[in-house]
Amino acid sequence: MSRKAGLPRRDFLKAMGAAAGVAAALPPRAEADEAIKRDHGKQESDGQGHGAAQRVTPFQSPLFFNSVEADAVVALVDTLIPKDDVGPGGVEVGIPTFIDRAMAGAFGRGARMYLQGPFAEGTPEQGYQLSLTPAELYRLGIADLNNWCAKSYGGNHFHQLSPSNRRLVLEEIESGKVEFAQVPAGVFFQLLLQNTMEGYFGDPIHGGNRDKATWEMIGFPGVGDGYIETIETYRNKKYFTNPKSIQDLS
Amino acid sequence: MATRLKPVDIVIVGLGWTGGIFAKELSDSGLSVLVLERGNPRDTFPDFLAPNIHDEIRYAQRHELMQDASRDTLSFRNNASQTALPMRQLGSFLPGDGVGGAGVHWNGQTWRWLPWDHEPLTRTLARYGKKAIPAEMNLQDWGISYDELEPFYDKFERLCGISGKAGNLRGVKIKGGNIFEGTRQNDYPNPPLTQSYAGELFEKATEGLGYHAFPCPSANASQPYTNPDEVAFGQCNYCGFCERFGCWSNAKASPHFTLVPLLAAKPNVEIRTGARVLKVNLDEAGKRAKSVTYANARGVTFEQPAELVILAAYTLGNTHLMLLSGIGRPYDPQSGEGVVGRNYTYQINSGATVFLKKDTWLNPFMGAGALQMVIDDFNGDNFDHLREGFIGGGNIYCPSYGGRPFGFRPVPAGTPRWGTKWKREVVDHYHRTLFVNNQGSVMAYRHNYLDLDPNYRDPFGRPLLRMTFDFHPNEKRQADVLADVCVGIGRAIGAERVDRVGAPEKYSITPYQTTHNAGGAVLGTDPNTSAVNRYLQSWDVSNVFVAGASAFPQNSSKNPTGPVGALAFWAADAIKNRYLKNPGLLT
Ligand SMILES: Cc1cc2nc3c(=O)[nH]c(=O)nc-3n(C[C@H](O)[C@H](O)[C@H](O)COP(=O)(O)OP(=O)(O)OC[C@H]3O[C@@H](n4cnc5c(N)ncnc54)[C@H](O)[C@@H]3O)c2cc1C
Chain A
1 MSRKAGLPRR DFLKAMGAAA GVAAALPPRA EADEAIKRDH GKQESDGQGH
51 GAAQRVTPFQ SPLFFNSVEA DAVVALVDTL IPKDDVGPGG VEVGIPTFID
101 RAMAGAFGRG ARMYLQGPFA EGTPEQGYQL SLTPAELYRL GIADLNNWCA
151 KSYGGNHFHQ LSPSNRRLVL EEIESGKVEF AQVPAGVFFQ LLLQNTMEGY
201 FGDPIHGGNR DKATWEMIGF PGVGDGYIET IETYRNKKYF TNPKSIQDLS
Chain B
251 MATRLKPVDI VIVGLGWTGG IFAKELSDSG LSVLVLERGN PRDTFPDFLA
301 PNIHDEIRYA QRHELMQDAS RDTLSFRNNA SQTALPMRQL GSFLPGDGVG
351 GAGVHWNGQT WRWLPWDHEP LTRTLARYGK KAIPAEMNLQ DWGISYDELE
401 PFYDKFERLC GISGKAGNLR GVKIKGGNIF EGTRQNDYPN PPLTQSYAGE
451 LFEKATEGLG YHAFPCPSAN ASQPYTNPDE VAFGQCNYCG FCERFGCWSN
501 AKASPHFTLV PLLAAKPNVE IRTGARVLKV NLDEAGKRAK SVTYANARGV
551 TFEQPAELVI LAAYTLGNTH LMLLSGIGRP YDPQSGEGVV GRNYTYQINS
601 GATVFLKKDT WLNPFMGAGA LQMVIDDFNG DNFDHLREGF IGGGNIYCPS
651 YGGRPFGFRP VPAGTPRWGT KWKREVVDHY HRTLFVNNQG SVMAYRHNYL
701 DLDPNYRDPF GRPLLRMTFD FHPNEKRQAD VLADVCVGIG RAIGAERVDR
751 VGAPEKYSIT PYQTTHNAGG AVLGTDPNTS AVNRYLQSWD VSNVFVAGAS
801 AFPQNSSKNP TGPVGALAFW AADAIKNRYL KNPGLLT
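So the protein lines, in turn, are chains A and B. Heads up: the first sequence begins at 1 in the working numbering, then just goes up one per residue. Heads up: the second sequence begins at 251 in the working numbering, then just goes up one per residue.
Check the hints yourself; a few may be wrong.
[What the hints assert, rightly or not] Computed footprint of chain B on chain A; a stretch qualifies when at least three of its residues, placed anywhere within it, have a C-beta under 8 Å from a C-beta of chain B:
id, segment
1, 63–75
2, 105–116
3, 122–130
4, 145–156
5, 172–181
6, 216–225
Calculated from the structure, these hints are not laboratory results. Ideal Cβ placement from N, Cα and C applies to all residues, glycine included.
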């Protein structure tokens with residue numbers, strides 16, 4: 001696998017909190033490598049040295065996702081929020097970990113959702129009407145996504161596509177052009193996008209926004225600060241402090 | 251069979267602002283008062299402490315302080331031709347659950363509604379005539395004038411330590427306050443909050459346009475304050491974690507520290523948490539409440555007898571309990587008859603997103619729940635409606651609530667929702683975007699109502715409340731006209747770009763809008779069009795009183811808790827001084 005095509009391996013391992021050596025011990029996936037080669041034959045590289053096809057996702061100890069799902073989540077997050085000259089990428093700040101923990105916990109299990117039947121599709125104004133918890137929606141949605149990609153992209157799973165093809169797939173899903181076999185693709189995408197943004201912008205205590213990199217990027221001072229002394233004196237003046245997180249102050 | 255408990259004099263259902271006010275006022279009588287609250291006990295220590303309370307995911311996204319939809323929800327449809335489906339997760343509104351109710355996680359914008367809001371029918375007829383009122387609109391007076399309620403508004407402002415500036419003090423108009431407000435006898439107990447840069451820009455621009463800007467009256471205290479009950483408040487430090495969070499410094503007025511400690515100190519008051527009232531039990535004739543049935547946290551049911559029952563379970567809970575218990579005649583939209591569930595209303599939002607020039611520093615994270623500049627020039631009937639083709643008005647404001655980064659990510663319309671371009675726009679606009687919003691009134695209509703759902707039940711086996719609601723042309727017109735006003739203000743501020751947000755096509759249960767649900771058990775002077783009288787007393791079951799915004803015959807553009815609190819004081823006063831001496835229907 002070419003360095004150029006993949007998310008820098010070291011960063012990637014770091015992002016997943018994987019111990020060095022674990023990944024190395026994994027068997028190479030010839031299939032995936034084939035796909036990369038194929039894709040590179042026809043696709044432009046995004047030139048930023050990241051984001052392209054992965055081989056095996058060394059998601060060291062997910063609480064909810066299996067390894068196939070973890071591959072998909074990492075690739076999805078990396079496509080939604082790539083590392084670029086603007087700021088950190090979603091994978092390096094830990095969004096996959098954020099989503100994994102969320103799915104393993106009360107939110108993913110739909111603890112505060114009304115999930116009694118009968119179930120009907122309803123109108124968009126009536127909101128979410130599936131019988132599925134968020135975690136179940138991810139499970140089926142990822143399987144659907146991979147099957148759909150396999151059909152459209154010569155047997156490849158989502159994470160095996162080139163960055164530009166991944167973007168294309170998500171754009172098509174977002175604009176309603178894709179039909180999944182089991183779940184409504186748009187509903188799955190909406191949840192994925194919400195959780196991705198939560199992991200990007202939320203407090204690092206939940207596993208995303210590692211090193212408060214996102215807050216640093218936008219200039220949000222974090223938590224625990226008060227502005228009684230500054231709200232007036234900093235009118236139309238740049239205010240900057242090193243962002244603080246809940247753990248910094250605990 | 252539910253275990254029958256020792257009778258008490260007064261049972262209060264719910265411990266938010268209204269339940270807390272009733273409990274405190276009625277406990278003065280020396281009678282035994284029992285407050286039943288479905289949620290948990292909560293207090294600043296140890297529940298709302300920094301830094302843990304400043305967790306946007308836990309509180310703003312996962313709704314930790316709010317109603318749990320797996321237990322308490324409703325079903326919804328836009329109109330009667332549809333099948334209502336359950337609200338499977340919270341969205342459009344975020345009711346409270348636990349001691350303090352939504353008073354723990356509210357913003358604290360604390361209004362006196364305009365005199366017009368209390369008698370819109372009389373005033374509309376007088377100024378525009380009958381033809382101005384759309385056919386399906388149930389426009390109604392309260393039966394209480396602003397002036398009658400004024401001393402009780404004052405009481406609530408003192409309880410909460412409101413920070414603001416009077417605009418009409420005993421008839422003298424004061425620049426910098428709201429010159430459109432009804433006459434007030436006293437100024438606010440505290441001076442206004444310090445404005446943000448965004449507020450300052452809005453103030454200048456609106457002044458240039460000939461409008462009259464003033465600071466929103468705020469229950470976030472601008473200075474340390476001790477209220478008439480000797481309860482001490484901290485000073486707001488503009489941390490920007492207000493709406494959806496508990497306040498760690500007791501600067502945001504909430505029942506959990508302004509009222510609950512007073513109740514706890516009274517020997518004749520008991521607060522029972524984890525006590526979900528399932529039903530009010532009536533006598534055989536259906537004329538008198540005998541008791542309430544509640545389930546404790548383990549689901550075990552009890553029957554609690556009482557002489558007087560106060561429903562203080564929020565708009566939706568109140569209406570639900572009345573329908574389940576047979577208190578008052580249920581509303582039938584076909585015949586237009588019946589009253590319980592009638593005149594359910596909400597609010598409508600529109601406005602402008604205002605992108606300022608590069609290198610403008612709004613510091614959006616410096617904020618407070620009620621930190622905003624407002625104009626009332628387009629509220630109520632403060633402008634000539636003849637040309638406009640609608641009744642009602644808007645609360646036009648520029649908020650500085652805090653720039654919590656999940657919730658506050660303004661980007662120009664048309665920006666992709668993800669990817670590098672999206673990220674660039676987020677970073678580019680975070681510090682230089684403000685909002686000029688319209689929160690508009692919503693009038694009551696014949697086909698917007700609440701009743702019991704025929705298909706869906708809650709975990710206690712009760713039918714869900716069913717909401718049938720949509721926006722009408724009158725409101726959409728208002729939201730569109732006032733969106734243009736917001737755009738005009740945005741331009742006057744000197745924006746690089748202004749994105750207009752017009753009226754929504756339909757009401758949706760999904761995106762958060764406001765927790766200003768109103769109606770369903772409205773007050774009035776005619777039992778054919780109101781469920782409760784001027785004192786919030788059920789016309790049909792005279793030992794039941796129903797507190798909260800369920801009593802509003804239609805919704806104002808302003809947030810509800812000012813009049814909700816004032817009405818609670820007003821009705822408690824009538825109970826204390828008149829009802830208890832001679833129980834029966836108050837006239
Ligand atoms: C995010 C947010 C921001 C807001 N901002 C503002 C603002 O800035 N200005 C403003 O004026 N208003 C605001 N509000 C609205 C304000 O919070 C409410 O108007 C006010 O709290 C209502 O008080 P209440 O006593 O009627 O009901 P609640 O505070 O909802 O209290 C009702 C209580 O009853 C309990 N209960 C319900 N059913 C039962 C039952 N069957 N048995 C036992 N207990 C039960 C509930 O658990 C709850 O504790 C906001 C609301 C929200 C959610």
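#### Entry: Coverage criterion applied to the segment 105–116 of chain A (partner chain B; beta-carbon cut 8 Å; 3 residues)
The restraint on the segment 105–116 of chain A holds, since 9 of its residues have a Cβ under 8 Å from chain B and three suffice.
### Query
Do three or more residues of the segment 145–156 of chain A come closer than 8 Å to chain B, measuring C-beta to C-beta?
Coverage by chain B is violated here, the residue count being 0 at a Cβ distance below 8 Å.
### Task
Examine the segment 63–75 of chain A for residues whose CB is less than 8 Å from any CB of chain B, and state whether their number is three or more.
With 0 residues close enough to chain B, the hint is violated.
#### Entry: Assertion that chain B covers the segment 172–181 of chain A - criterion: three or more residues, beta-carbon distance below 8 Å
Answer violated; 1 residues pass the 8 Å Cβ test.
### Stated coverage of the segment 122–130 of chain A by chain B [criterion: 3+ residues, CB within 8 Å]
As far as the segment 122–130 of chain A goes, the hint holds, because 8 residues have Cβ atoms under 8 Å from chain B.
### Message
So is the segment 216–225 of chain A in contact with chain B by the C-beta rule, three or more residues under 8 Å, or is the coverage claim wrong?
### Response
holds (count 8)
When each numbered hint is compared with the structure, violations occur for hints 1, 4 and 5.
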